[in-house]
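Engineer: So the protein sequences, as listed, match chains A and B.
Following the working numbering, the residues of the first sequence are numbered contiguously, the last one being 269.
Following the working numbering, the residues of the second sequence are numbered contiguously, the last one being 269.
Keep in mind the hints are simulated off the structure, nothing from the lab.
Do not rely on the hints blindly, as some may be mistaken.
A pair holds if it fits inside one copy or across any two, identical chains being indistinguishable in the list.
[What the hints assert, rightly or not] Distance condition first, Cα-Cα at most 25 Å in a straight line; then the derived SDA-like pairs of lysine to any residue: (1) 219 with 155; (2) 225 with 190; (3) 168 with 155; (4) 74 with 256; (5) 74 with 258; (6) 197 with 125; (7) 183 with 164; (8) 204 with 108; (9) 197 with 78; (10) 217 with 89; (11) 204 with 130; (12) 225 with 115.
Protein chains: 2
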Amino acid sequence: MEKKISSAVIKRLPRYYRYLSELLDQGIDRISSQELSSQMNVTASQIRQDLNNFGGFGQQGYGYNVEILKSEIGKILGLDRQYQVIILGAGNLGQALANYAGFEKRGFLVSAIFDVDENKIGMTVGNLEVHDMKGLSAFVKENPVDIAALTLPKAKASDVAKSLYAMEVHAFWNFAATDLDLPPDAVVENVHLAESLMRLSYNIAN
Amino acid sequence: MEKKISSAVIKRLPRYYRYLSELLDQGIDRISSQELSSQMNVTASQIRQDLNNFGGFGQQGYGYNVEILKSEIGKILGLDRQYQVIILGAGNLGQALANYAGFEKRGFLVSAIFDVDENKIGMTVGNLEVHDMKGLSAFVKENPVDIAALTLPKAKASDVAKSLYAMEVHAFWNFAATDLDLPPDAVVENVHLAESLMRLSYNIAN
Chain A
64 MEKKISSAVI KRLPRYYRYL SELLDQGIDR ISSQELSSQM NVTASQIRQD LNNFGGFGQQ
124 GYGYNVEILK SEIGKILGLD RQYQVIILGA GNLGQALANY AGFEKRGFLV SAIFDVDENK
184 IGMTVGNLEV HDMKGLSAFV KENPVDIAAL TLPKAKASDV AKSLYAMEVH AFWNFAATDL
244 DLPPDAVVEN VHLAESLMRL SYNIAN
Chain B
64 MEKKISSAVI KRLPRYYRYL SELLDQGIDR ISSQELSSQM NVTASQIRQD LNNFGGFGQQ
124 GYGYNVEILK SEIGKILGLD RQYQVIILGA GNLGQALANY AGFEKRGFLV SAIFDVDENK
184 IGMTVGNLEV HDMKGLSAFV KENPVDIAAL TLPKAKASDV AKSLYAMEVH AFWNFAATDL
244 DLPPDAVVEN VHLAESLMRL SYNIAN
């Protein structure tokens with residue numbers, strides 16, 4: 064089934080997942096395409112078309128079963144498993160990621176945070192102690208690591224990513240303002256904040 | 064000229080701007096489409112097509128004048144002026160934004176940071192003192208505010224955005240995991256970190 068879903072639909076799935084999670088949190092266990100449409104500000108026909116990809120969960124006169132739909136979308140998004148995450152860089156952004164409880168709820172477990180700064184090493188962030196970056200290689204050998212979140216200065220991010228790739232860490236959540244130079248099978252999700260701010264200024268100016 | 068540029072090209076401009084800025088920082092004042100192509104991992108013909116939108120800056124045997132091209136793209140992106148930014152929420156993420164020197168370099172000047180937490184009010188972040196959220200309305204009346212960056216819990220973000228909109232602040236950089244409910248002329252740039260993480264897990268899973 065997963066192969067048939069278009070990339071345009073895939074792009075919209077995280078937003079559906081977020082809304083369905085909120086509905087469940089509110090104790091709502093079924094919803095019509097019309098109701099979802101008015102909440103999400105998307106046409107009901109778009110919603111029906113998108114969610115048709117997931118089989119017969121939308122029923123005439125009943126609507127969608129929120130829990131089943133959320134679970135199906137979660138599977139497609141790879142959220143039916145847990146990921147061990149390490150954070151490189153214990154600055155404000157690294158600390159913000161380490162402290163964000165929402166990630167753990169979705170199966171992203173932060174297992175360690177690293178920095179080179181002696182003033183940060185040994186500090187407690189969330190319930191984690193900041194490790195010396197020198198211990199990174201030993202840590203990765205001894206512990207499963209699925210995702211490395213990079214909140215390092217751009218001058219260092221690419222080298223650290225290359226080292227991690229060589230240690231078999233192949234997925235990166237990159238916050239450094241640079242493109243990582245990695246082999247094509249690396250999975251990289253960039254969060255380029257400066258580019259986001261430029262899109263905002265473009266929309267203000269135009 | 065600006066009207067003719069397609070939205071697909073516009074989307075790529077922040078990345079061009081970033082590369083051109085880095086070239087200038089390195090003292091490089093001209094570059095061929097081939098060189099830029101290999102650095103940016105985009106085909107040279109795509110680059111020529113995109114940059115043709117900006118007139119005759121690419122010349123046979125000379126390449127692009129980096130400074131002129133950066134300046135032209137900067138104008139389109141609205142970077143030829145300054146923006147006064149306030150940050151709502153002085154948690155780790157708000158502090159990270161306030162401390163990021165790169166924004167000021169591009170004309171985004173953080174003029175104030177607000178929080179409701181008594182433990183944070185009065186604290187110094189970067190070179191700013193954290194203000195009590197109660198003083199927000201008075202501050203906005205007395206000072207120009209172009210952009211509000213929202214690093215608040217999602218339950219509060221939409222209400223604070225509505226209040227700000229009523230105070231004539233119409234541009235929002237939204238980090239809260241919720242869609243703001245604002246009139247259509249509001250300019251909103253969302254940074255939904257949880258959705259970004261889901262795109263990453265989707266790409267790991269598939």
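Engineer: Which holds for residue 225 with residue 115 at a C-alpha limit of 25 Å: within a copy, between copies, both or neither?
Structural biologist: neither (41 Å within a copy, 35 Å between copies)
Engineer: Treating 25 Å as the Cα threshold, decide for residue 197 and residue 125: within, between, both or neither.
Structural biologist: Neither way: residue 197 and residue 125 sit 57 Å apart in one copy and 45 Å across, limit 25 Å.
Engineer: Should residue 225 paired with residue 190 be assigned to within, between, both, or neither, using CA atoms and 25 Å as the limit?
Structural biologist: Classified as neither; 28 Å inside a copy, 35 Å across copies.
Engineer: Go through the copies and call it for residue 204 and residue 130: within, between, both or neither, with a Cα cutoff of 25 Å.
Structural biologist: neither (38 Å within a copy, 46 Å between copies)
Engineer: Between copies, within a copy, both or neither: which fits residue 197 and residue 78 at Cα up to 25 Å?
Structural biologist: Intra 38 Å, inter 32 Å, cutoff 25 Å: neither.
Engineer: Tell me, please, which holds for residue 219 and residue 155 at an alpha-carbon limit of 25 Å: within, between, both or neither?
Structural biologist: both (17 Å within a copy, 22 Å between copies)
Engineer: If the cut is 25 Å between Cα atoms, do residue 204 and residue 108 qualify within a copy, between copies, both or neither?
Structural biologist: neither (50 Å within a copy, 43 Å between copies)
Engineer: Between residue 74 and residue 258, at a C-alpha cutoff of 25 Å, which is it: within one copy, between copies, both, or neither?
Structural biologist: both (19 Å within a copy, 10 Å between copies)
Engineer: If the cutoff is 25 Å on CA atoms, where do residue 183 and residue 164 land: within, between, both or neither? Let me know, please.
Structural biologist: For residue 183 and residue 164, both the intra-copy (21 Å) and inter-copy (20 Å) Cα distances are at most 25 Å.
Engineer: Is the C-alpha distance from residue 74 to residue 256 at most 25 Å within one copy, between copies, in both cases, or in neither?
Structural biologist: both (19 Å within a copy, 14 Å between copies)
Engineer: Classify it for me, residue 168 with residue 155: is the Cα-Cα distance of at most 25 Å met within a copy, between copies, both or neither?
Structural biologist: both (21 Å within a copy, 19 Å between copies)
Engineer: My question is about residue 217 and residue 89: at a cut-off of 25 Å on alpha-carbon distance, are they close within one copy, between copies, both, or neither?
Structural biologist: Classified as between; 14 Å across copies, 41 Å inside a copy.
Checked against the numbered hints above, the structure violates hints 2, 6, 8, 9, 11 and 12; every other hint is satisfied.
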